[in-house]
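2 protein chains.
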Amino acid sequence: MKRIIFALITLLPLLAMAHEVKSPNGNVVVNFYLDSSRPTYEMTYKGRAVVKPSHLGLELAKDKHASKGMGETHLMDGFVIKDVVTSSFDETWQPVWGENSDIRNCYNELAATLRQPSTEREIIIRFRVYDDGIGFRYEFPQQEALNYFLIKDERTEFAMTGDHTAWWLPGDYDTQEQVTQQTRLSEIRGRHKQAVNWGNSSVAVFSETGVQTSLQMKSDDGLYINIHEAACVDYATMHLELVDAQTTHLTQKLGGNSNVYTPDPQPSDFPLPGVFTFVSHLTPDATGLKGAMQTPCKSPWRTVMVSDDARDMLSSNLILNLNEPCALDDTSWIHPTKYCGVWWEMIVGKSAWNYTDEFPSIKLDQIDWATAKRNGRHAANNDKVKRYIDFAAKNGLDQVLVEGWNVGWEDWANMWKADVFDFVTPYPDFDIAMLNEYAHSKGVKLMMHHETSSSVMNYERHMEDAYNLMNRYGYDAVKSGYVGDIIPRGDHHFSQSMNNHYLYCVKQAAKHHIMVNAHEAVRPTGLCRTYPNMVGNESARGQEYEAFGGSNPDHTVILPFTRLQGGPMDYTPGVLETQLSTWSDNPSWVRTTLVGQLALYVTLYSPLQMAADLPENYERFDDAFQFIRDVAVDWSKSIYLEAEPADYITVARKAKGTDNWFVGGKCDENGHTAELKLDFLDKGRKYECVIYADAKNAHYEFNPKAYVITRKTVKQGDKLKLKEAPGGGFAISLKAL
Amino acid sequence: MKRIIFALITLLPLLAMAHEVKSPNGNVVVNFYLDSSRPTYEMTYKGRAVVKPSHLGLELAKDKHASKGMGETHLMDGFVIKDVVTSSFDETWQPVWGENSDIRNCYNELAATLRQPSTEREIIIRFRVYDDGIGFRYEFPQQEALNYFLIKDERTEFAMTGDHTAWWLPGDYDTQEQVTQQTRLSEIRGRHKQAVNWGNSSVAVFSETGVQTSLQMKSDDGLYINIHEAACVDYATMHLELVDAQTTHLTQKLGGNSNVYTPDPQPSDFPLPGVFTFVSHLTPDATGLKGAMQTPCKSPWRTVMVSDDARDMLSSNLILNLNEPCALDDTSWIHPTKYCGVWWEMIVGKSAWNYTDEFPSIKLDQIDWATAKRNGRHAANNDKVKRYIDFAAKNGLDQVLVEGWNVGWEDWANMWKADVFDFVTPYPDFDIAMLNEYAHSKGVKLMMHHETSSSVMNYERHMEDAYNLMNRYGYDAVKSGYVGDIIPRGDHHFSQSMNNHYLYCVKQAAKHHIMVNAHEAVRPTGLCRTYPNMVGNESARGQEYEAFGGSNPDHTVILPFTRLQGGPMDYTPGVLETQLSTWSDNPSWVRTTLVGQLALYVTLYSPLQMAADLPENYERFDDAFQFIRDVAVDWSKSIYLEAEPADYITVARKAKGTDNWFVGGKCDENGHTAELKLDFLDKGRKYECVIYADAKNAHYEFNPKAYVITRKTVKQGDKLKLKEAPGGGFAISLKAL
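Taken in sequence, the protein lines are chains A and B.
Take 1 as the starting number for the first sequence in the working numbering and just add one per residue.
Take 1 as the starting number for the second sequence in the working numbering and just add one per residue.
Any given hint could be a false lead.
As the list makes no split between identical chains, a pair holds if one copy fits it or if it spans any two.
Unchecked claim - Derived pair list, reagent style DMTMM-like, types lysine to aspartate or glutamate, alpha-carbon separation capped at 25 Å: (1) 705 x 312; (2) 719 x 701; (3) 511 x 365; (4) 719 x 131; (5) 363 x 139; (6) 298 x 368; (7) 507 x 329; (8) 363 x 144; (9) 511 x 460; (10) 62 x 410; (11) 62 x 419; (12) 719 x 464; (13) 46 x 630; (14) 193 x 634; (15) 677 x 398; (16) 22 x 329; (17) 686 x 91; (18) 298 x 419; (19) 511 x 422.
The set of hints was computed from the structure by calculation and includes no laboratory data.
The structure displayed is predicted, hence computed values, not measured ones.
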């Protein structure tokens, strides 16, 4: 690891002059200054405005214990600049797993200490400027005048330069499983209501112009801009609210549920038509407060990525770089994992998580499971699990996920049940000792499943026992779930306390050498750098929605620009039988071609990749399944060859510890022709190339399972022209000879 | 144990006829019937009305998951009677500890199954009628039409017969440390605001006529009536709201925060002037809901005790009898305990819980305690604790409580700190191994202290480690504390979830053979019968308030009628140096005489009795301290000889396992003369009698420490006339010769 730090301390006069900091190559420039005592920044890329002058600050809430120092004085204005420190940083670090084995973290930094003379409080606003974007955060040093405080809301502005095209999800405190909307910024309000996933079990939208991050945008002049956050620790998750011409009106309409900072209105606070400014909006707790803070502390990094090349949005390591280095001493037990599981047949509705239909409702301590009447639909039974273990062993899959193994699934969701699962008691037909032994004898591990039903206190009460059970039987990975509304009632999935809970689980799991893949949890912000046992998350609309009516064909060529910015997603690709009605009563169908499913193993980076389909379906498409057998799950190098949000993504990745490459291409409903130059291969070396391509007449709806497998030998400089069907893609394995 | 059960099943015609059930001796009679389809009861005592016709029922809340069976149809009206079952019960049981070694549980029961034809729901209302009062509860059998439900509020009415005198605390979701008010029911509204303890760190009042239970009343014709609840498990704590002539107006004034059931107003729903009806008001969660229920389940018992003799209010076992039998297999490790502790000097302000004043605030994982600068005021240090151990050993006290032993006290309260304590790390000057060894070598145990600062999730995360630490060092009792507002924010001390938390702690502690004494927790409802390791609670204004400005002299002759109905209180008596300024800068003074403090060991029953004063103060009053050395903490028999709420209480108790008796008398600011006939002594036996009495001119304010100790030999039938000074009392030990 190389590390270069040099700091330049500039004790500048306390004037409202602008302080400029440029990225290492000079493309990205930030200016920071006080606008009538309000902290303000602006950002350019190659001389073009990216963020127009935007205010920074936080509104604090008055606490009844204000006499003890928890006053409500806002950290919005009244500031003078005490000092400004600039510095540079350049290091290269190695992630435990990832898209690349080496990641360069190179930036210039500006840290402005601001003093609010009326309160004697000081805060620091720190900017890190990279060649592909910026991160900035608020820091609150320990001080007599600011020891504890409550956040009413953070008021970080991102003033966009025009009516960009945006790929957005409606801002929601509890779910991010919506369909991505592609509209102009000016169209968000009009589209908002229909964008909400009202069918989800926990929906909590807050504004007609509220959107989630990571928010991908494109300007009319071809700039790709992405707003997100990094290292969200002990802080509520940030949403964005667009302050447009109608917001003032909206504020009144919503009965004072305002997200506009108006205690001391200035003409500049009221946006003019044609001005598109996002303001941060944090997730509240049950009382509406956004955070309880104790100094010294800091906000997460607020990030703005920018480039004139869409590929840079995907290859950027800005979010990871803004996170802290690995906090675990020993990471030898963490490993990328390919797995299958007893799951898809339940999602599709062919079998069930629950064991019995005998009881109107379940109280865990009052059921004699041994004598309970089997419903005959329970999937997590010994025979079936052994079948999956055999399948995994035969096909080189590392693990077998089994959902529905533990008692409580009879009435687990949306009933406000506190004591919903105990996470340690198997159903009578799941012999936990036998099955783990059987798996281990075949070189396979079972993967644990902890659905919490969002009953958080209950999960924490049982967590130590649950992790101990995993250790006893040799599980080293858990998929956890947070379906439904949070218990304690009133809390939200993305609040400060819930964010602390998710991280608590990850830290406790690390003590047990357990990897965590939390579904329905908060969207990631790069914390997997610090806690690399956080190997996955869902936190978006996963493949399961293909069984719930389907996702749009462009969905998977949006996700890498948005959800995946913060960390890998357990999307669960690999459903080769795209027509569910061929083996179930479910009329839904997958909105990709079969080959499109193969491509996802390369285009949707994750250290955790499921082969989600049923073994019998894989056996029917065994030649195509060969790609899933072959594809790596950890990489030494990744090169994004083509990219356009919601249109197509083409990426080449080198399998870690080998000289083999894999290339994936995925496109939207319009199809795409990829022209690849194999420049990335080693010079003078030959590669055995297997191409999995859509057949000529393939189509995600009308002919999804038409594919052609071609083998040839290739070398550096060769060109490949690959036609991707509507909703299709391609997958290539390149084995060094 | 003797148990007689005989049941009489009466499948009565489904008419609106009244179903009567009488107490075993016929004094108490309940009538139950439907009033236009609303469940209704009334109660008499010796033919006099106690509760006038009062409706029963619950309002349910509509949940967004209503389609799954959580509809909002109220359980208020629309009922028919399906069947009525009456039965009788008579058994005598033995508590692990208590005021008596045998308790008779003898009642007649009526269980009415009510059917709501429009919803196909059924509930049961069960009455148990004792000679000294009634208990009734709602039962919700498991059924398709009522599987899960949310409680908007319970609407149990208690229609009083007149403008009774009441001893009440303002209804509050978080504290019951107020000064008791003595007013007519009609005066509650006018007194309410000044009755609220606004200085308490968590105040949450809900109505100008809201009061807490147990509520003691006295009618103009001499009936003593007490309303409380028993066996509050998985349910929110009940308050009472007086519906008087102004309530309808108030409802409008409070902006719809109504506690009156008005969806279908009937003339009878609007009380007339001169009608005094209490309606139940449950403690809400953060969203305002009062409970999340899953059938089969039940409400706590709602109790109405009644007698024309005030002594019956104190000798009643109705609340204990309505609780379930002991749930612990092994109770051999549970023992009544007399203790002293490093506590009073901190309460008074002479020393401190915290170790250092060096830091503006504390983050537990960021402080090097070994090098932290001592403030010199930290009480829980090795030398002082050894001094207390020596004192306990010398004087036959079982345990020494030490507060402030663990890191985090620097900024523990009211800062919304989640990670406030870890409950396992001692301050550097508290050698936990050495001190426990030292104590054990002298036959004394240390008593653990867990102040949670109401950060509940944090406590639960550390609880197992904390209990394990106690086991490792030989602690078998913990005083826990819940100062300040509950974290998660928005929850309340007396909510369903917090009630579940307290019981969770008690159950987990039992697994570790640990006794629990929770302060600032919910007021008890007799659960110590079921979990006898729950040896104490505070849940009222304790002796500590004598250092915070003082309590009224009548306070301790009210508590047995109110707070103590649900279970013992760790009042911490025994402050013999009533003038704190003699040894500290605290100008406050104790509102009893010295002898009055001795009396409390007998009049305020508890299996846990502290000798709260400093060793050096006891050494100054060693002859009086002899009573504290001698007095028992567990009893085979208790006889209330005299009682009048807020005036005086005189009680004789026989020490368990001996033939010795102790008698205590306590009075209010007016003094009292007790005339005792020693009828309870064994016939023909002589007793060495030591009388600790107020001196002739003693007075709680002007001459508190004037006392006379008299020794004589007495026998059955002897009479004693004892003059109690204003704010005074007496204490007598009777040793069988």
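Using 25 Å as the alpha carbon limit, work out where residue 719 and residue 464 are close: within a copy, between copies, both or neither.
-> The answer is neither: 54 Å in one copy and 63 Å across copies each exceed 25 Å.
For the identical chains here, do residue 719 and residue 701 meet the 25 Å Cα criterion within one copy, between copies, both, or neither?
-> For residue 719 and residue 701, neither the intra-copy (30 Å) nor the inter-copy (102 Å) Cα distance is at most 25 Å.
For the identical chains here, do residue 22 and residue 329 meet the 25 Å Cα criterion within one copy, between copies, both, or neither?
-> Classified as neither: same-chain Cα gap 35 Å, cross-chain 72 Å, threshold 25 Å.
Between copies, within a copy, both or neither: which fits residue 62 and residue 419 at Cα up to 25 Å?
-> between (35 Å within a copy, 21 Å between copies)
At most 25 Å between C-alpha atoms: does residue 677 with residue 398 qualify within a copy, between copies, both, or neither?
-> neither (33 Å within a copy, 84 Å between copies)
Since the copies are identical, ignore which copy is meant and state whether residue 298 and residue 368 lie within 25 Å (CA to CA) inside a copy, between copies, both or neither.
-> between (50 Å within a copy, 22 Å between copies)
Within, between, both or neither: residue 511, residue 460 at alpha-carbon 25 Å = both (15 Å within a copy, 18 Å between copies)
Is it within, between, both or neither when you check residue 363 against residue 144 at 25 Å Cα-Cα?
-> between (51 Å within a copy, 15 Å between copies)
Residue 686 and residue 91: within-copy, between-copy, both or neither at 25 Å Cα = neither (34 Å within a copy, 91 Å between copies)
Between the shortest in-copy and the shortest cross-copy C-alpha distance, which are at most 25 Å for residue 705 and residue 312: within, between, both, or neither?
-> Close neither inside one copy (32 Å) nor across copies (84 Å); limit 25 Å.
When no copy is named, should residue 511 and residue 422 be tagged within, between, both, or neither for a Cα gap of at most 25 Å?
-> This pair counts as both: shortest intra-copy Cα distance 20 Å, inter-copy 18 Å.
At most 25 Å between C-alpha atoms: does residue 719 with residue 131 qualify within a copy, between copies, both, or neither?
-> The answer is neither: 30 Å in one copy and 98 Å across copies each exceed 25 Å.
The structure is inconsistent with the numbered hints 1, 2, 4, 12, 13, 14, 15, 16 and 17, although it conforms to all the rest.
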